[in-house]
Amino acid sequence: MSWNFEEINITVQKEIQEISDEIQLESFRIKYLGRKGLIADMYASLSSLSKEEKPLMGKNANILRNTITTFIEEKKKVFRAEQKKANRSFIDVTIPGMEHSVGHKHILTQTIEEMCDIFEKLGFVVQEGPEVETEFNNFTALNIPEDHPSRDGFDTFYLEQKDSNQKDQNLVLRSHTSPGQIRIMKEYKPPLAVVIPGKVYRPDAVDASHSFMFHQIEGLFVDTDVKFSDLKGIITVFLKKLFGRDLEMRYRPHFFPFTEPSAEVDIACYLCKGKGCSVCGRSGWLEIMGCGMVHPKVFEAVGYPKGKYSGLAFGLGVERITMLKYGIHDIRMFFENDMRFVRQF
Amino acid sequence: MKISLNWLKDYVSIGISADKLAHKLTMAGLEVEKTFSVDGDTVFELEITPNRPDCLNMMGIAREISAILNKTKEFPQMRKLSFPNNRCNISIEDKAGCSRYIGTVMEDVHIEPTSVWIKKRLTSIGIRSINNIVDITNFCLMETGQPLHAFDYDKISGGKIIVRRAKKGEKIVTLDDEERELDPSILVIADEKRPIAIAGIMGGKETEVTVETKNILLESAHFNPILIRRAVRKLALSSDSSYRFERGVDYDTVEVGAQRALLLIRNNAKGTIIARSDVSSRRQKTTKPKIVISKDQINAYLGTDITASQSKNILKKLDFEVAAHKKDVLTVTPPPWRKDIKQDVDVVEEVARIIGYDNLPLRLPQIQVTQMLQSPTRAIKKNIYELFLAQGFDEVITYTMISQPLIEKSGQAELKGLKIRNPLTCDQEILRPSMLPSLLSILQTNINKGQKGLKIFEIGKVYEAKGEKETLAIMAVGQRDRDWRKLKQEELDFYDIKGALQQVLKRIGLKDAYFYGEDHSIFEEGKSATVGINNKEIGVMGEIKEDILSDWDIKIKKVYFAQVNLEEVFGHIKMEQKYHPLGEYPSVVRDISLAVKEEISFQQVQDIIFQTSSEILSTIEFKEQYLGDKITQGFRGIIFSLKYQSLERTLREEEVSIVHEKVCKALVNELGAEIR
Chain D
1 MSWNFEEINI TVQKEIQEIS DEIQLESFRI KYLGRKGLIA DMYASLSSLS
51 KEEKPLMGKN ANILRNTITT FIEEKKKVFR AEQKKANRSF IDVTIPGMEH
101 SVGHKHILTQ TIEEMCDIFE KLGFVVQEGP EVETEFNNFT ALNIPEDHPS
151 RDGFDTFYLE QKDSNQKDQN LVLRSHTSPG QIRIMKEYKP PLAVVIPGKV
201 YRPDAVDASH SFMFHQIEGL FVDTDVKFSD LKGIITVFLK KLFGRDLEMR
251 YRPHFFPFTE PSAEVDIACY LCKGKGCSVC GRSGWLEIMG CGMVHPKVFE
301 AVGYPKGKYS GLAFGLGVER ITMLKYGIHD IRMFFENDMR FVRQF
Chain E
346 MKISLNWLKD YVSIGISADK LAHKLTMAGL EVEKTFSVDG DTVFELEITP
396 NRPDCLNMMG IAREISAILN KTKEFPQMRK LSFPNNRCNI SIEDKAGCSR
446 YIGTVMEDVH IEPTSVWIKK RLTSIGIRSI NNIVDITNFC LMETGQPLHA
496 FDYDKISGGK IIVRRAKKGE KIVTLDDEER ELDPSILVIA DEKRPIAIAG
546 IMGGKETEVT VETKNILLES AHFNPILIRR AVRKLALSSD SSYRFERGVD
596 YDTVEVGAQR ALLLIRNNAK GTIIARSDVS SRRQKTTKPK IVISKDQINA
646 YLGTDITASQ SKNILKKLDF EVAAHKKDVL TVTPPPWRKD IKQDVDVVEE
696 VARIIGYDNL PLRLPQIQVT QMLQSPTRAI KKNIYELFLA QGFDEVITYT
746 MISQPLIEKS GQAELKGLKI RNPLTCDQEI LRPSMLPSLL SILQTNINKG
796 QKGLKIFEIG KVYEAKGEKE TLAIMAVGQR DRDWRKLKQE ELDFYDIKGA
846 LQQVLKRIGL KDAYFYGEDH SIFEEGKSAT VGINNKEIGV MGEIKEDILS
896 DWDIKIKKVY FAQVNLEEVF GHIKMEQKYH PLGEYPSVVR DISLAVKEEI
946 SFQQVQDIIF QTSSEILSTI EFKEQYLGDK ITQGFRGIIF SLKYQSLERT
996 LREEEVSIVH EKVCKALVNE LGAEIR
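So the sequences go chain by chain: D and E.
Position one of the first sequence corresponds to residue 1 (our numbering), numbered consecutively onward.
Position one of the second sequence corresponds to residue 346 (our numbering), numbered consecutively onward.
Source of the hints: derived by calculation from the structure; they are not laboratory data.
Bear in mind that the values here come from a model prediction, so they are computed numbers and not experimental data.
Just so you know, not all the hints are guaranteed correct.
[As the list claims (entries may be wrong)] Which residues of chain E face chain D? A few of them, derived with a C-beta cut under 8 angstroms, are:
#1 D585
#2 L705
#3 Q757
#4 E759
#5 L763
[What the hints assert, rightly or not] Pair ranges (Cβ atoms, derived):
#6 E:P931 / D:G244: 40 to 48 angstroms
#7 E:K684 / D:K275: 37 to 45 angstroms
#8 E:Q789 / D:K275: 41 to 49 angstroms
#9 E:L718 / D:D225: 42 to 50 angstroms
[Unchecked claim] Simulated coverage check for chain E against chain D, where a stretch passes if three residues somewhere in it have a Cβ under 8 angstroms from a Cβ of chain D:
#10 498 to 506
#11 518 to 531
#12 928 to 940
Ideal Cβ positions, reconstructed from N, Cα and C, are used throughout, including at glycine.
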């Protein structure tokens, strides 16, 4: 028996075109590849063929079988895909995912950490000091004279209780973090480089820009050869890290009893970029911190030998910098702790 | 202080624009806060630092400008006046309050409008012109910095000037038409009968110079800055004079100012000097400080390369006497009005600020490793922050000053805060002895604003007579994290806050912290615990009493609060950590369901288990608690599982059973528990 492969091929192709589901595909498979299918017949009939015809027939039968097998597999994949598509279950990916709630660090803590981190990278060590201070540490040791206005009850909170260690020594709520310098120097010998963050207190009536409690960071670096140029170097690096490399800044002579020379540092106003606006009072500059070279009287007060050391010190207000950085206009917001505020940062 | 550019030009040529000058003044430490134009003149508003009272006048500023711009200056010639031998009747009773008083009597002065140029100078800086005499005293004040006052001599009773403290109940009507009550803390100028001026602050209305005045007494004096400052505060009254006295007027200027005024009065209002007295109550120290400083010292301090002659030139322009004995060594004597210059560093600052800080070099120093260590508590606190944040607690920062009633309102009347001697308001009269009022007020604020729940914590201080203590407080209210997949929202309870705290303590290295039931005044009975470590109480936690909440007007029932003394925590933390081998052998887990008397705590159950079991017991895991109908009254059911594991071998079922049986038996025998 001989087979007309050309014709069979045409028939197969035609039938293939018509298959539209898996049942039809299965009968198609049985018809050709089944135990009693056409291909089986073909192989069975090979034995009756002559030696010459056999190879060609065999080859053609193989080709046909492969073609059909490949087709069936492909078709099956298509049907399976269609099936999956039909049975697909949806996930609405636009519904919000479940966020495990993570708390918010208070923006003042964030700012303090950011600033302390910069100083730590420069080699400073972070220390803390008490808020209830002796008058000596808060004023006297810092070369603030007995009759200085800042010692008035108008400018400093006094405690009813007196210092238990020293008779008649008044206790105050520190009005700046500078007494931290005194504590460090009394305890350690230079070289020392330290920053001291913490709360400070002044009897200011509360309004949008005043608070009786606020935060400062104090810095102190003492060694045998600290220069004014070091002060400028450290402060410049610090402020540029905090506010960006392109920051414009200036050092303006100022007066603090515990530093000499003393300076105030201004940065170009973030709002008008130095042109002058209402935020910077038309000057184009914002006062950001105070600094200077440690006054020899301060070294004397902590008992360092005369002329042996020089040092630099600086202090800055955390709330002010935070307000400038984030555009917060009311200092009271920091302590009101409205959760909508706390959770913004 | 306001200064006029045209006025300055009387003493020094400027030659640069007003804007440039303003910048240069600012950068030399005389900050120009505002610039405005007045009638063809430019006026600067300056902020003068308290160490520079010498700059509170035109001549002082002109001196600074001459140094900054390196220009010569020219001050008005002071022709010597000859005075008659007659003395005024002046007595300084309060010697500490007034160190010098120069009184000059002039007769037949012509009270007229002031000459145009003086008027122009004064009005440019906002001083109203009154008459030639008054205007000249104001002019001289602004020019030299010496406050002056002219009295109508004929109205001074007995022609006598007495510098004394006011008597209790004395009154004076000042030039601003206000009647003011005085007291002995206030220094006054009086005649025989009454105070005629508040010393250094303002003159009296009754002795004012008016158009009818014929004879005047001109006062030029030096008053104690502290007395003046206190009087200013007490009377809430200040003036251009008091502003300068508070900051310090130079002793010598008393004479200069008087001289200048007398010359101007003679030229502008005629008048003849008929009597004069210069009364000093204290000898003025005449020793002039000599400060020796070398070029190298200056450069070492600033990191600069300034020559000796540069420094010398700057100092001379500022009227310092400078002598150079040795090469590059200067001996410097500051002028008498520069009381702020006391030692070498003060001289360095003068040089630095005139050169300009921005023109000085900068470098980043090498900071040596110091013997001082990073404060260990900082790392622990950072850890605590992170752990609470990770558990969904928001950080708050609250005022540490509160009122005593707030403590009482929080059920802690037994606690006494540290009292402030000079509180601003009674709301901030004490330093808090507890964090509870602070957190309750945060809760109240937020609830009032419609916040449903909150989980907050603060690391702050509480204060007591012995000192201040770093303290942790946490508060939790409302619902657990919202989960839309669950039908019901779950309320936070005791175990949420306990779990948070427990986890933090464990993770910072306080593995042995424990909780035991104990009542506290602020918590609902039976719903609070004490936190302990090594037999030391470190904190409390529980459910806040409803009474307290209603006193605070907080309309929420379940508020959980904990406060932990961090000073104690810091002391008990074990910093070093060691690796524990991971168990390689399989574990056997056995559940126990137990009915125990209600008052028996899980802690007791655990204690017995650990006492009776052997080292093969590895952990106990609490699984469930049930109360209710299915259980005998007075009992509750607890289910937990015991995990048995050995690090050396695989445990045999039988050996686990032996231990487990023993445990169960002990629980039954010792606690009267029932195995279910």
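Okay, the hints, checked on the actual structure:
1. D585: Not OK, violated: D585 (chain E) not within 8 angstroms of chain D, min 18 angstroms.
2. L705: At 6 angstroms from the nearest chain D Cβ, L705 (chain E) passes the 8 angstroms test, so the hint holds.
3. Q757: Given a least distance of 20 angstroms, the restraint on Q757 (chain E) is violated.
4. E759: At about 18 angstroms, which exceeds the 8 angstroms cut-off, the nearest Cβ of chain D leaves the hint on E759 (chain E) violated.
5. L763: holds, 6 angstroms
6. E:P931 / D:G244: 40 to 48 angstroms: Distance hint for P931 (chain E), G244 (chain D) is violated at roughly 59 angstroms.
7. E:K684 / D:K275: 37 to 45 angstroms: About 40 angstroms separates the Cβ atoms of K684 (chain E) and K275 (chain D), which means 37 to 45 angstroms holds.
8. E:Q789 / D:K275: 41 to 49 angstroms: Between Q789 (chain E) and K275 (chain D), where Cβ atoms are some 44 angstroms apart, the hint holds.
9. E:L718 / D:D225: 42 to 50 angstroms: violated, 24 angstroms
10. 498 to 506: violated (count 0)
11. 518 to 531: violated (count 0)
12. 928 to 940: The restraint on the segment 928 to 940 of chain E is violated, since only 0 of its residues have a Cβ under 8 angstroms from chain D and three are required.
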